[in-house]
Amino acid sequence: MEKFEKLTGVAAPMPLVNIDTDMIIPKQFLKTIKRSGLGANLFDEMRFNQDGSEIEDFVLNKPAYRDAKILVAGDNFGCGSSREHAPWALLDFGIKCVISTSFADIFFNNCFKNGILPIVLPQEEVDKLMDDAERGANAVLTVDLESQTITGPDGGEISFEVDPFKKDCLLNGLDDIGLTMQKASAIDAFEGEYGVRAPWV
Amino acid sequence: MSDPKTLYDKIWDAHLVHEEADGTSLLYIDRHLVHEVTSPQAFEGLRMAGRKVRAPEKTVAVPDHNVPTSLDRAKGIDDEMSRIQVDALEKNARDFGIEYYGVDDVRQGIVHIIGPELGWTQPGMTIVCGDSHTATHGAFGALAHGIGTSEVEHVLATQTLIQKKSKNMKARINGTLSEYVTAKDITLSIIGATGTAGGTGHVIEYMGEAIEALSMEGRMTVCNMAIEGGARAGLIAPDQKTFDYVMGRPKAPKGAAFEAAVAYWKTLYTDEGAHFDKEIILHADDIAPVVTWGTSPEDVLPITGVVPAANDFEGGKVQAAERSLDYMGLKPGTRLQDVEIDTVFIGSCTNGRIEDLREVARVMEGRKVKDGLRAMIVPGSGLVRAQAEEEGIAQKLQEAGFDWRMAGCSMCLGMNPDQLAPGERCASTSNRNFEGRQGRGGRTHLLSPAMAAAAAITGRLTDVRDL
Numbered sequence: 001m002e003k004f005e006k007l008t009g010v011a012a013p014m015p016l017v018n019i020d021t022d023m024i025i026p027k028q029f030l031k032t033i034k035r036s037g038l039g040a041n042l043f044d045e046m047r048f049n050q051d052g053s054e055i056e057d058f059v060l061n062k063p064a065y066r067d068a069k070i071l072v073a074g075d076n077f078g079c080g081s082s083r084e085h086a087p088w089a090l091l092d093f094g095i096k097c098v099i100s101t102s103f104a105d106i107f108f109n110n111c112f113k114n115g116i117l118p119i120v121l122p123q124e125e126v127d128k129l130m131d132d133a134e135r136g137a138n139a140v141l142t143v144d145l146e147s148q149t150i151t152g153p154d155g156g157e158i159s160f161e162v163d164p165f166k167k168d169c170l171l172n173g174l175d176d177i178g179l180t181m182q183k184a185s186a187i188d189a190f191e192g193e194y195g196v197r198a199p200w201v
Numbered sequence: 001m002s003d004p005k006t007l008y009d010k011i012w013d014a015h016l017v018h019e020e021a022d023g024t025s026l027l028y029i030d031r032h033l034v035h036e037v038t039s040p041q042a043f044e045g046l047r048m049a050g051r052k053v054r055a056p057e058k059t060v061a062v063p064d065h066n067v068p069t070s071l072d073r074a075k076g077i078d079d080e081m082s083r084i085q086v087d088a089l090e091k092n093a094r095d096f097g098i099e100y101y102g103v104d105d106v107r108q109g110i111v112h113i114i115g116p117e118l119g120w121t122q123p124g125m126t127i128v129c130g131d132s133h134t135a136t137h138g139a140f141g142a143l144a145h146g147i148g149t150s151e152v153e154h155v156l157a158t159q160t161l162i163q164k165k166s167k168n169m170k171a172r173i174n175g176t177l178s179e180y181v182t183a184k185d186i187t188l189s190i191i192g193a194t195g196t197a198g199g200t201g202h203v204i205e206y207m208g209e210a211i212e213a214l215s216m217e218g219r220m221t222v223c224n225m226a227i228e229g230g231a232r233a234g235l236i237a238p239d240q241k242t243f244d245y246v247m248g249r250p251k252a253p254k255g256a257a258f259e260a261a262v263a264y265w266k267t268l269y270t271d272e273g274a275h276f277d278k279e280i281i282l283h284a285d286d287i288a289p290v291v292t293w294g295t296s297p298e299d300v301l302p303i304t305g306v307v308p309a310a311n312d313f314e315g316g317k318v319q320a321a322e323r324s325l326d327y328m329g330l331k332p333g334t335r336l337q338d339v340e341i342d343t344v345f346i347g348s349c350t351n352g353r354i355e356d357l358r359e360v361a362r363v364m365e366g367r368k369v370k371d372g373l374r375a376m377i378v379p380g381s382g383l384v385r386a387q388a389e390e391e392g393i394a395q396k397l398q399e400a401g402f403d404w405r406m407a408g409c410s411m412c413l414g415m416n417p418d419q420l421a422p423g424e425r426c427a428s429t430s431n432r433n434f435e436g437r438q439g440r441g442g443r444t445h446l447l448s449p450a451m452a453a454a455a456a457i458t459g460r461l462t463d464v465r466d467l
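Quick note, the sequences are listed as chains X and F, same order. Residues in the first sequence are numbered from 1 upward in steps of one, following this note's numbering. Residues in the second sequence are numbered from 1 upward in steps of one, following this note's numbering.
Note that these hints are calculated values from the structure, not bench results. Note that this is a predicted model, so its numbers are computed, not measured. Certain hints may be false.
Dumping the calculated DSSO-like pairs for lysine-lysine here, alpha-carbon to alpha-carbon at most 27 Å [unchecked claim]:
#	chain 1	residue 1	chain 2	residue 2
1	X	Lys3	X	Lys166
2	X	Lys183	F	Lys370
3	X	Lys166	F	Lys165
4	X	Lys166	F	Lys164
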């Protein structure tokens, strides 16, 4: 996994609430057996007409936001299906940070496994960043994970919370499986004891 | 005496392998269900790292999302991408020593239907699957939730999951449901009351007389949609009905092992005085047959209601409702019962079990599907299909005008050829009414099997109690 340290980029506003993972990456693109290449179909049905032409007023089609690295989104972002194709698609498009008032649990976890930082902020702070993001190409935010701060286009700073373990994994690009494998003896011991306690499992 | 615990606390504690000071925990996983869509990249990851599946005997694989449901599907899958994905699952199962049920096996079906049906699902277990509707298995008092593909790989390699403990939420339904008010109406009504983010960060325990009175099938319907309420997992304490359901199933413990298991399962309940962080209480009398009008499962109303206006809502929901009404092609003030439909879909991990098909058959008794309507029934598994045929339900439903299909996820998400056309309106027993979910531009109204049958008869959303 690629490290996440500091990110500076254009933030795109998506104020719609309950943006679900079916919207982020529709089902027809889940048939891949790879993780890469999904960015072309990120938000496919909101972004493209059925003939493949772009829907002009969709935010990521506007010239100012085509290279957005950050999304500022409405409440409950990433709800619905567990498909990790959603963060894969965001990452492949170039989006490495999503800011909202809340995220669905599975999507939230999936982000951290892929070097994407989801940030939860109170409504008034998301509103402020949403205003910043509305400024198009001038909507440049800097997200610093180490110091847990977001710096806006006017130099104003907002701080955010992040789980310390998840922060450490992102900062160092750590692979969960490798970390857990180091606890193999604890898993062995558990299985031994559990096999006595619940042999039918 | 130790502190009173919730059911969730008990299952959590029984599976805790390791806990860091900050609460980051390693949880042991008892059952891992695998399907073709969310697993190929996980197996690829194992191969690249030279890792094995730690407990293949606790893992089961079945293709369900992509499989055609046409009667001639044994001839193969036309869509190349789908075929590759299903073939990859079969190969991965074989290479890693995992039990696999292919489309030619009567045990094939939707992963959340076959788990309980074959006895893989048991009380007190931790169960995961790369699928958000894993919450279904919570009906047995098992801690079951969806995970992403990276976590699928993690569980395959280590049989554990890195977790932080969720909060406890209680959803109590007091009283007795009226006739034709079902488990689906309970679960949708809860989501209507709490919103799709109401359960975020929580595990919901469903309880109360109305929940206890439900069959195991009904309980699975309730827990299935915990995720639509934002909760990764739903739980119902196991009772005699649960034990009776599990007993004798192929993968269930037998004889003395079953007795020992039941003795343990009987300890799986929330202690008197245990703490819940959040609660919602509904009375069964206040629950009517419901339908959704919008593109979020929280957009739910009694069938006797009218389509709302966007400005009935507040905050970000105003814009979302405007968008939903436009997408759904509905005008505020329209009576829900006047909304005409083109298609009826009966099936999915929410409502594709035998009891659901019996309910449809009961409503259809002596009645026909309206001329010109597309009405399909997709049993949740090959075994459900076979049982419905044995009970004579299948024949009756076909005579009534339903298309009787093979098992799979089908039009719940339309990864196979079963899809809605743009603008096509569907009364669906599935779980999500998201934009494009059942096909680009398709319009979904979620409802119970009984209500779906009523809609099939009249060609519009209908109060099944009025038939």
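> Against the structure shown, which of the earlier numbered hints fail to hold, in ascending order?
Replying inline: Checked against the structure, the only hint that fails is number 2, while the rest are satisfied.
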